[in-house]
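Peer 1: Here's the letter readout for the chains.
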Amino acid sequence: MEWAKMVKTGILVALLGLVLSLCGCQEKAETISNETAHTSLKPQLELVQEVALGGVAENKIPDVTKSSWSYGIPFTKPVVFPDGKHVLVVKVAKMTLFDTTTGEGIWEKATYGGIDNYVAGQDRLYLTEKGSYGSPKEHGYIICLDSKTGEELWKYDVQKDLKPIVEKYMPADAKISYCCYINLAQFGDKLIAKGYTGWNVGKNSDKVEVLLRLDQNGKRLWKIESHGYPGISAHSKLQLIGNKLVMGTYTYGDDITGPTYIHAFDINTGKKLWQFDIRHEDELAYSDATDVSVTIIGNKIVGVTNYGRVYVLDQDGKKVNEFLAFEPVKHNDTTICTNVWGDKVAGFGDDGLVIAPSKTVVKGADYNAKAPIQHPEAGSVMVYDLDGNLKWKFRLGGVATNMSVKGNYLILGTAHNEDTMDYNYCGVYAFNLTQKGKGKEIDVTKESALDQYIGYYHTDGAIIYGCLDTSDDNKVICATTWPTRVGTEKHGKHSLYMLKIK
Amino acid sequence: MIRYLNNIKILAVAAILVLFNLVYVAAAGPTAAAVSGISFKTVEGNLHWQAGVSADKGQAVFQLVIQEGRFPKKLKWSWKGTGQVWARVEYTDNNAIYYVMEGSEIPRAEKTTFIDKNGVPRVIVPTMLELPQGTVSVDLLEDYRRYFGKKEIFVKDIRFGLNAIKHTEIKDFKIEEFAQKEATVGESNIEEMKKSIYLQVQIPQGNKGKFYMVKGLEFPLQVGVRALLDNRKEGSLTVTLPETVKVTSYDKEKIKLIDSHNLLIPLTMGPGYAEESFIILAKASGSGKVEVQARLGNKTETIERDMACLDLESIRSSLCLVDEGVYPIQHQTHKVSIKKELKNYIKVKEDIFSTFHRLFGEEESYDKPAGMVCGVVENNSGLNLPLRLKFSVLDEDGREIPYFRGEHIQREGADAPPVPETVIGVGAGTAQDFKMPLFADVYSVKPGIYRGMLKVSFFGTNTNIVAREFDLHVEKESQIQIIIGLVAVFLSLVSLLLLAFNHKKWIGQLKTSEIILIALFTAAKFSIVDIPWFIFGDVTRAFLGPLGPFMHIFTGIFWDIINAMFLVTLVLLVSKPGVVIISSVVRIILQSVAFGTFNPITVLLMLSYAVLADTLLYLTGFTSGKRTFQECLGTFSILGIIFIVKHIYSTYTFYYIWMYLYRLFYPDWYINVSALVSAIYSALGAVLGVYLGNKLKQVIE
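If you read the protein sequences in the order shown, they are chains A and B.
Going by my numbering, the first residue of the first sequence is number 1, and it counts up by one from there.
Going by my numbering, the first residue of the second sequence is number 503, and it counts up by one from there.
If you are wondering where the hints come from, they were derived from the structure by calculation, not from laboratory data.
Worth double-checking, as some hints may not be accurate.
[Stated by the list, open to error] Cβ pair distances, simulated, as ranges: (1) Thr637(B) - Gln122(A): 39 to 47 Å; (2) Pro136(A) - Leu1121(B): 56 to 64 Å; (3) Arg220(A) - Ser946(B): 55 to 63 Å; (4) Thr65(A) - Asp732(B): 35 to 43 Å; (5) Glu151(A) - Ile540(B): 57 to 65 Å; (6) Thr434(A) - Asn733(B): 53 to 61 Å.
Predicted model, so just to flag it, every value in this text is computed and none were measured.
Backbone N, C-alpha and C fix where the C-beta goes; we use that ideal spot for every residue, glycine too.
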């Protein structure tokens, strides 16, 4: 009997144990369950890794309601290698190379106090040391690194070329506005640099510039010096067509510093080849200033003024065509304008021009004033052919801070909506440029709209100017966000987003 | 008894264990597995979900019945077969992911288009992912983060689609984990985020905040509709204003007025994105409710909000205009700066081309602002104020002077350039700067003190909230003065150099009789012109009194007719280069000796006149021996032009240099009349000089 009792008790306990163990197993499976690997069935944006980049000091979090809020902040810049396999993230104190497939850090080194610009070759990285706001600096280096190891191969001090002309032209009572800002461009094995130092005497601005060509060992091959505006270049990128180095300039006003122009130099000798003057059009512009950004489309040079006039030139600087990409809207006697600046102009294929106009501005009102009426093209991206026909247009919601056109893709980095201060529009937009559009807006009723617009990835915080970079085929996209504030309300984190079009 | 106690022990142990298990499961809360309670409903097709679906042929779409307040996070299921098999997950922000079974035909993705809460048209392109056959598991929130971004979100719809060709099955579906509810967005945001019709109502126009109107004032109201539609659709927009509001003006072609405060606007929109906007003028006598409804096809969008009605005085008391004024601008090398130290003052610059334009009646082609109308508007009210700022310069009758404009010269086909004007939106409790360029027509604007009027009104109305009036000082700086002054200095220096290097040559080639003739003529001219002027000049001025400005009509007989006549006579008698310059030097010496006046400026000016005349006489051949002083029209014309040029030049340089040196002011018309009289008289004197010279020549011969 005792034996039977023991057996009964044992069976009962075993059954209860089984129930308990089943419950336990179920919980364990939940915690260790892994997602099934999946494959993309069409080109679409995918986050590979998000890396937190650490805190930002409170005094470095800009208030976006203030004018020129992004000036002087040492934003973290991502430098994507041409093949897209690595990204170098450069902060003020250190720089880290990440693998864009795994998100793992490969090496980390102390940096040079932040960078202004960069060029990433497959084996070499060229960085330009950050210039200084409001004060002079002793050196301004272009640094060449071995991209595999981060080892410094050489550095070239642009201040050696800039300093003598600053001393020659800058009056003793002048105050430096920006010292030794360096721009870089690489065309095959040809490395071009442009150094700039600006100053103010009272309310007068002046500048000196040097345009340099360096060889692969950091030896200077030629140099061009310039004093005053419009000078060598401003917001325009340095572009190459044939053996001609082409760029656009900026003027405070035709009567103040003379008309702006597009000009070309022989990349082998530095000799100036031609200049195409552009007359300011006051009825189109918000202010007297004219900026012209240059891009190369097929065998044409295309210059776009900040107020929307597009000039199509041949390689010898002769005008082939001109058209207006956008124009002010008249409301009674008030003129509502928008602008396009610097790197929001790009070309693709033989006939495609992409521009992304910024915010609405009303003539007579302060640049940062809220306009009661919105310009219809502000905050959008527009694609034109070189005959001036609008192919398609897409409203972004946020302001485009970065634009990259490479391969078949158009990538845009955006910040908040400057009208509503809504941060829901911050992120990365991707478009397929091989799809042709018709009409003014993307026709969402047509299937092709889905092929044209690849998608949008939302980031936690604004992608600031110059904080997005892509691989040569635009399929690897790295963007860094930086916290900003609207008054006392803080938005966003300091992070690196590694995205891929898969 | 022992057996009974043993059984009790066993039951107690079992009860404790079962209780423990129940507590354990319950403690796991919402994240615990929910094996039971999963159900799918068939929303399309002829198959049914019964713990999964298994079919050799057939088509269906199944929708998971999501329990209220429980949001799936991790899913697991098993699938295999041939045909089209997919799972679609839709999130609360309308993003969607299609999980497609390996080997399946790719489904046609349903795009989502909508207008967001800010009126921005959005396109959602679903993500398409392939999963292998067999058992699969997905983390829906992790996938959202991977493909759409970092946002607080939850899943609102899960569907399975199946179109079997051969045996196909989906089974063992489980929700392995639910999302924490607090990590999701509220229901209210869901509806707001997805719209195919977007309505924007601005009362008054330009105000994106609370609706308001001002009692008794006619205001523009704006109603805008944006639509993203798949097809062309017809509908209407109804605007119901409070009974206290009366519509005063509207576009009768587009809008139908039902009664004084209700409007109906027929709409036809789509396909794709379209937007339309309507402006209505209305007057309010009190507050009330505003209802605007847009209907397109079977879709409607409604805005219903209270509208306040304020007194104009309350707005006036809460709006401040600070530091307003007109400031001159300085065009420096690389910047245009506003000179804040000179308030309500501008300087208009006139260049030499302006004078030519004015003389020949051409239109102005390009100019730059003479000043900036600046200030700060402070809004201390709790409402957003869309404002219009307008600056005008008024004449004595209070009419706007159109020569003060707000823009550069406009191109052909444009209307008359407007006065300085801008619009700004000043948010509740904020301040806003303004800066409007002020252009002044250099041809028409005269120097003096004007009445400037800065008005702040509501955008779209003419009722002033604030109006400030102040004196505007306008100074006119003629660059012709500077240019003529510089020419005079240049010619004076040239004459000095010519005299220094050539006086020996010139005097050497003159006969004694010719030198005596020069001295004699200069002395005669001096005694007829200079001595009477020295003695009677001030008396004449006093005698003419208010006719002083026309004095030149009388004095010009001496200064221009006699001067020119004697000079031409002298040159006719002694036709050699340098004669006019030598005569001028003799005259200067005589003035110094007789009156004790030796003013270097006068000396240089007189020498420059002499150089000009001598050069022109030489170039036209009178002193180079190529042309004789025949009494014919050709000679008279050439000599007339030479002396007109010389006397116009001397008149302008005289006045301008004197104005510059002694800070004097002569009105333009006075200088111009003097120049005109001088030109006519000198031409006459030159002709008379030919006759006199020829007579004297005959006497000498």
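Peer 1: Now tell me, hint by hint, if it's right for this structure.
Peer 2: So, going through the hints one by one against the coordinates:
1. Separation of threonine 637(B) from glutamine 122(A) is about 42 Å and conforms to the stated range, judged on CB atoms against 39 to 47 Å.
2. One distance hint, 56 to 64 Å for the beta-carbon pair proline 136(A) and leucine 1121(B), holds here, with the actual separation near 58 Å.
3. With their beta carbons about 57 Å apart, arginine 220(A) and serine 946(B) fall inside the hinted range of 55 to 63 Å.
4. Range check, threonine 65(A) to aspartate 732(B): Cβ separation about 39 Å, and the 35 to 43 Å hint holds.
5. In this structure the hint that glutamate 151(A) and isoleucine 540(B) lie 57 to 65 Å apart at CB holds, the actual value being about 59 Å.
6. A beta carbon spacing of about 28 Å between threonine 434(A) and asparagine 733(B) contradicts the range 53 to 61 Å that was offered as a hint.
Of the numbered hints stated above, the single one contradicted by the structure is hint 6.
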